[in-house]
Each structure stands twice: as structure tokens, then as C-alpha cells.
Amino acid sequence: MSKHLWTLFLAALIFISAGCTHRTVATALKPTAFGAALVESSGGKQMGATGTVLAQPVVVQVNDDQGNAVTGALVKFSGPAGVSFDPPSGLTDSSGQLSTNVTLGSMAGRYQVSAHTSTKAQKSVELKIEEIALGYQQQLGFQLDNRYCARCHDPESTPERVSNYDNLAVKPHPFAEGDTLNKMSDADLTAIIGHGGPALNKSALMPPYGYTLSKSEIEALIAYIRLISDPPYHASGTVYAQK
Amino acid sequence: MQSSENKLSSLWQTLFGHSVSAFGTVSLLLLIALAIAPAKNHFSEWRHYQKQYLALIRGRGDAVTLQRHFHDGFQQIWLPQLGVVDRCTTCHVGLNEASLADVSMQPFRQHPVIPHTLDQFGCVMCHRGQGPATTVEEAHSSTLAWEQPILPARYVQSSCGQCHHAPLTGTPQLNLGRTLLTRYGCVHCHTIKLPDGSAIQPTDDPPSLEHIADKTSREWIYAWLKDPQAYAVTATMPNFKLSDPDARDISAFLVSDSTPLAGDTAPAPKNEKTPDPTAAASLYGESFCASCHAVQNAAGNVVGGDIGPELTRVGTKVKPEWLRAWIRNPRVYDSGTAMPHYRFTDPQVSLLTSFLGNKTDSDFLANVHLDAATPEQIAHGKLLVTEYGCASCHEINGIKKPDNFAPELTRIGSKPLTQVIFLPGMTRALPDYIAAKIRQPRSFGAALKMPQFSLATAQVDALTAALLALTDRAHDLPTALTVPAKPPSNYQPAGKAGKLMDDMACFTCHAINGRGGDLAPDLTWEGSSVQRQWLLDFLKNPGTLRPALIRRMPRFNISDDDAKELTDYIMTVYQTPAFDRDSMPSSGYLPAQVEQGRQLFYSKYACQSCHIVDTKVDKGYIGPTLTQVGSRLTAPWIYHWLKDPQAMRPGAIEPNRKMSDEDAHALTAFLMTQKGSSKGAKK
Chain A
1 MSKHLWTLFL AALIFISAGC THRTVATALK PTAFGAALVE SSGGKQMGAT GTVLAQPVVV
61 QVNDDQGNAV TGALVKFSGP AGVSFDPPSG LTDSSGQLST NVTLGSMAGR YQVSAHTSTK
121 AQKSVELKIE EIALGYQQQL GFQLDNRYCA RCHDPESTPE RVSNYDNLAV KPHPFAEGDT
181 LNKMSDADLT AIIGHGGPAL NKSALMPPYG YTLSKSEIEA LIAYIRLISD PPYHASGTVY
241 AQK
Chain B
1001 MQSSENKLSS LWQTLFGHSV SAFGTVSLLL LIALAIAPAK NHFSEWRHYQ KQYLALIRGR
1061 GDAVTLQRHF HDGFQQIWLP QLGVVDRCTT CHVGLNEASL ADVSMQPFRQ HPVIPHTLDQ
1121 FGCVMCHRGQ GPATTVEEAH SSTLAWEQPI LPARYVQSSC GQCHHAPLTG TPQLNLGRTL
1181 LTRYGCVHCH TIKLPDGSAI QPTDDPPSLE HIADKTSREW IYAWLKDPQA YAVTATMPNF
1241 KLSDPDARDI SAFLVSDSTP LAGDTAPAPK NEKTPDPTAA ASLYGESFCA SCHAVQNAAG
1301 NVVGGDIGPE LTRVGTKVKP EWLRAWIRNP RVYDSGTAMP HYRFTDPQVS LLTSFLGNKT
1361 DSDFLANVHL DAATPEQIAH GKLLVTEYGC ASCHEINGIK KPDNFAPELT RIGSKPLTQV
1421 IFLPGMTRAL PDYIAAKIRQ PRSFGAALKM PQFSLATAQV DALTAALLAL TDRAHDLPTA
1481 LTVPAKPPSN YQPAGKAGKL MDDMACFTCH AINGRGGDLA PDLTWEGSSV QRQWLLDFLK
1541 NPGTLRPALI RRMPRFNISD DDAKELTDYI MTVYQTPAFD RDSMPSSGYL PAQVEQGRQL
1601 FYSKYACQSC HIVDTKVDKG YIGPTLTQVG SRLTAPWIYH WLKDPQAMRP GAIEPNRKMS
1661 DEDAHALTAF LMTQKGSSKG AKK
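Going down the list, the protein sequences come from chains A and B.
The first sequence begins at 1 in the working numbering and counts up one residue at a time.
The second sequence begins at 1001 in the working numbering and counts up one residue at a time.
Keep in mind the hints are simulated off the structure, nothing from the lab.
Please read all numbers here as calculations on a predicted model, not as lab measurements.
Where hints are given, some of them may not hold.
As the list claims (entries may be wrong) - If you want the footprint, here are the derived chain A segments under chain B, 3+ residues with CB under 8 Å:
id	segment
1	43-51
2	58-72
3	131-137
4	142-154
5	195-205
Glycine included, each C-beta is placed from N, C-alpha and C at the ideal position.
Assemble the whole structure, with the sequences as input and the hints as a guide.
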């Protein structure tokens, strides 16, 4: 009796899996050409709210070993749980590029997404691209940065917002400058934002914002600074064994 | 067949054949039946998760603390006032545990920091889903008995909008969605009522079509109707996907329906010299036209403001004689336009007319050939204009603005799924339906009237979030729990000055008493802030206050009398109740106090990081230049501003320094001595 059941179950399993593979084969794209390298054209290092689609698509390009663009190569995108791609795979266009819209996961943090293509010898080539998802706190921090901080702390000038960075006798640290800011504790950052540069024996050109921003706003700003830090910030303190 | 019947009867014999075995069997069955409920409880999903959680925390350094926070059994957040009964915390046990930051496994993740606590609002207020459910399936998905699935993280900001009707710094998506609802004119056709009963008002200003034939050609109307974004990529007018004959008939009707308006066209003066293109371009730049109007550059980037229409191909659109009259005084053609009356001289008008008239694109009208319209075509055009509800947005002679042209969206965020028709293959959830409807309205039926808008994915998501916020709950919440939006202000300055301010469209950029734009400083208390002579000079010839800004006050070429009228009005009416502007002298400060102020400026407060007092040394670029601040601002304004900038102008980015009275006095003294080298030296 049970033997029969098992056979039946096995048959069903084979049937279903056959059906599935059949379907994937039917929709799978066949590459018409193969490249040797995968490069990022645009769309890396973007910031977006958790769970949302990034403003710009991620565009990658497949090149051959001479560095020429390859048309018709198959590129597949993959990422950690929660990240989705539209389309998840495709063939490169006439300029060797494929673009995909990336939806971020629902946890704030850095998301490493990758693009894959294979060479003629079936060797897999991988390109890693990093995107940043802002949670509520980090997003609030980003808005506050834009309003109060970026004009001095962001050296990049645009016609819409001219940077004040070059005008300052003592240069402020850009917020992504992990080498410096990662060494400062949350308490240090809270002190310097709230009480100004002199609180940490630094320049008075950094004014205090403790009477302008609330405590939770300063926390949001720090959460944002920690998230965009490059190299990434790892909180010090008790580290528990990971299960 | 025979054998199985035999087997059954022998089984019956064994179980119930004798009274003793029958009694035994029945007791056993009863026991089993009684055990079902406790067993179901024991093997329930939530118990499984609680056990898993206990196993997870066992190995951690703070296991004791976590264990103490953990409560066995059903957990429930009950908030009768909000109608919240949430049992989510039965499985999501670690939501409040800050030390679980490294755990990414659900349902044990720590909740990210938000401004509210769980005990205040529960879970489903923001995440939707079924609060009282106790299985994963019922809590998260929509089943036969439960309608609300979990809201995807993508739209979670919509939940903030149920209570917060004013913009929040932390919800850019929701803010954008709400702006788009009014800016793209959604609310012209769809009524959206707020909980206080008022309806959301559109902020776009679709042009009246009553005199359209004076302004443009029938060919342009035709091409525009066929594809507005082909004319201007930034156009907010949607595409109605009209067939060629329909577009032909509508253009025929609009032109035949148009009435002439006296003074809205002006012929070119005779023997006019060919204007100098360089002078024209620099006049365009000096007048800060780009603050409101964008132009697509050679690289395809649209550069400029979005208050007025894009001008990339304006020469193909408007008739030169109309353009001339418009530049001379736009208020003749459209009394409510956001465009200021610049009071240009005739040569200046000619310069700009030719400069803009040259912005043409021969491709746009290349394939448009229309024969003279027949009465049938015009009649059909009128029918189409009525059917498509054009008059919901535009004023059209002889056609009344329809009421409730499209379905009301006041409670769209709670629309029952049974009333929604989904497309095949679509996720059966409200957010997906709304997003699909915005993205491609006609995919739900070719005969639908809703046009195709040109929106990026982020804009569609933002609109969806804004619409999802319009729930039953948002309307039924006690008012004490909602944060209302600032009511729109219809403030109107009085008298001749009020007329002048309308004529120069001050409210397009400046806000006063809650009405107006945010491109330029709020002028509600301008009369307390600036000195009379400075204001008079500035109105006549606006100089540069903030060197880093590309959008600045243009010169309106106003007459001495008008400038005086306006200055008197501003100085008299726009005064703060906080202080008397004459309570501190504008000069005569003691040198010692001035010197103390100078030291405070450069050392303790390091004001030079943002402001320039001495153009040779200081480089600060963010705040206004202070080289002549002593002839611009009043002493009490400077003093009170230093004490608390945000009290003087909400949202000011200058940080509040909680300055002592003495420091503020000294700095005021120092700044009041900055009178500038000569009057109006720095332009």
C-alpha cells in the first residue's frame, strides 16, 4: 500500500517538476552572443526608501575582451531576499547595455545586488553593485542633511545648490567619510551636532544645532550618517554570537 | 467488494461487539475528542514561533533580560479609541528589543525606530492586515473572511497620512503624492474631501481656452492634443489617446468656439530693427525667466523652474503678435496668471518676443495638414469636449464645468475589494489596483475616459501612497488624534498696493500670511525686518542678497510712485507683534560694543562660515551677504533674529544659538555698523 503511495507521489513530483522546467525553458532567453566582462554604466550607489523602486534604473554593459560592447548577451540580476528586479534578466541591447528597475527590500541597510553573465566558455562573470535603503529614521536624517548640513559637508557643487565647502577655512568631513566618522562614537556625534565643533575641541565653524533640532532628529541624522558611511560602519559594543 | 465488506463488519464486531469493548471504544473516542482542542492549541503556529524565539535568545549574552521581557501566551494590543485589536505581538515577540538589531529572521526582528510606540497605535494602523488573526495566513493575506492584506513596505508612508494631513519631514513619498494630486490636476475631475469636510483644491492653473485662437494655431492644438509630451517633456496635460479625426474635430471646435479678446495681440512696430540675439539672451537671463520656465538644452536636460510652462518650442506654439502682447502685460489675456507684469519697455518686449519666437521645432507640426473645418466636425468636436470633460480643467465658451465628472476618491483607501474589477493576472490587492489604474488607466477598458499621464514609477508609487491614505479610518478618527493641514489662506492685501502686488504676482514666489509660494522669503513681517529706504531702492532695483542663489528677484521696472506705494504698505502692514521696529537705534553704537560684536562674530559664533561681512576675508556663501546689513535691516529684527531665528521665520536654517542678551546686543551693534561702502554699491 505505502509503496504504491510513494510511487504515486514520486510520479506526481516528477510530473510537476517536469512541468516547471518545461515552463522555464519556454520563457528563458537564449543569448545570441557572449561577452567577457561586465561593467556598471549607471545606477549604483543610489539611495531610496525601503521597499521602494530606486529612482534611476541600474544599467550594466557587457563587453568582449577587446572592451567592445556586446549585443545579445544574457544578463541575470540577483540580490538578497526582498530585492526584486524588473526585468530580472534580459539580453543586452545594441549598445551592449541592459537596464533594470530595482525594488529595495524592507529593511534599512546596504544591499549588494549582482549582475551575472557567462562567457563563451560558460564561465560566469559577476558584477557587484551596492544600493542603500533608507528606513524611516535614515530618511528623516537624509532630509535634515539636505536642509541643514549638506551645503557645507557636501563638497559637490551644483548650480541649484552651490557648496560652501571650499569657502571654509577648516574643511568639514563629508558624511560618507567613514575613515574619520566611524571612529567617533554616537555620543561624540551627538555632542558635536548638538553643541557645535568646540564641544570636541574642533572648529567653531561648525555651529551647534541642539536648540534647532530635536533629540530624535539628531538621532535620525546619526542613523543616516552611519548608514552611508564608506567604509561601512559597524557598531561597537556587545557583539552576540550569531546563530 | 465482498472482502472489504467482510473486513468492515469484522471491525465493527471487534469494536462494538461486546458491551465492554463498546464502552471502551466510546471512552477512547471521547478522550480523543476532548484532546483535540488542547492539541490544536499546543501545536498552534504562534506557539511554534514563541518556542523558536526562546531557542533563538537562549545562546545570546543578554538572554536573561530578553527572557524577562518575554511573555508566554497570547499577546494583544487593545486600543478601543482607535478600534485596534492587534495580536501581532504574539509571534512578533522581539519588536521592542533593541539588542536584536542583528537578527534579520522574521518574525523576530526588532522594529525600526519610528516616532510612535507600539502601545500607542498597535500594528495594523500602519501595516494593515488583520489584527485579531492568530495565524500567519489570516494575519498577512486576504482570505475569504479577511479583506485587508499586509501593506507592502513600498506604500507604508500612506499610513502616516491617515492622521497627518500636513506634510511631514520623514514622509517624502507621501508629500510628493499629495503634491502630484493637486499639481497634475487629479482633483479637477475626482473630488477628494478631507476629514474636516473641505475638498482638496488643485494647484495647477490650466489655461482658459476662451480666446485660444488668438494665442495659437489649430495645427498646434491638434498636435498638442495628439501628444502633449512631444511638445514639452514636462507638460502635465495627459494624453487622451485621441484618434486623428477626433483630434481634428476637437481642434476645429476649440478654434471656432474661441472669441477674440481686445488687447491680447499686438502687431510688431513698423520698421523694427532686427534685435540683437545676445542682448535678448541676456535680458532673458537678467529677468530670471528661468526661475519659473524651463528649457530643454542640447543634451536633453530640462533646465529651469516648473512654475510656468516649458519654453523649448514656444515659438512653434504661440503667435508672435500674441506673445508680444503677453510679454507686455500677461494680465490682459489671463488676469489670474502666476506670471508677473514686468513693465518692459517696447524695445525690451521686442527683444524677448524675437528671442522666444525663435525657439521653434519644425518637426512638431511637420505632418499636420488640416482642411477647413466643416460644421459637422465642429459639432462632433463639441460633443467630444463634453464627453472627455475638458471643461473640468479648462474654461471653454458655452460649456459648463461638470460636477463630479469622475468617481469621488474620498475613501478610496478603504474601497472594498468586492467592488474592484481586477485585470487577469493582477495581484488582488488594493495598492496594485490603484497603481495599475494610475499607470495605464485605459488598460481597464479602451472606452474609459481617464487619460494617460506621463509619470515615472516613483511618481505613480507616490500617488498610490497618497490615495491609500484616504481610508475610512482617516475619516472616522477622533479629531483630537489627527494633525490637520494648514488651511489654505485666501489672504488678499488691500487697496492700491494689493492691486500692485497682484499685478507683479508677488504671491507666486513670496508667502504672506499663509498665502503664496516658497521660492522666496516669507514677507509676513517684512515691515519689521527692513529699513524703509532699502526696501524702496530694492523694489526699484533688486540687488543680490544671496550670491549662491540662481533664482533671484527680477527687476519689475516699477515707477517711483508705485515703489513708494508698495513700500509704505509693506512698512505699515507687515509688522510683527513681537517687537517695535523703532525700539533700537540704527546707529550710534559704542565702539567698544561694536568691537566686542566683531570678536563674537569671528570667534565664538564663527558667523563667517555662512555670511560675508568683509568681502576681502570672508567667503561664507549660505546666508545673505551682510556688507550693508546696517542699512538693510532694523536693529531689533537683527537682535530678535539672533536670539531665535525660527521664531522670526519658521523653518529658517540658521541654527538657534541661545545667545545671551549681551552677546546679541554686541552682535547687533557690530552688524548695524555694516552700512556698505556706498549706497547700492554691490549689485
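Exercise for review: Could you tell me which of the numbered hints above are not met by this structure, giving the numbers in increasing order?
Suggested key: 2
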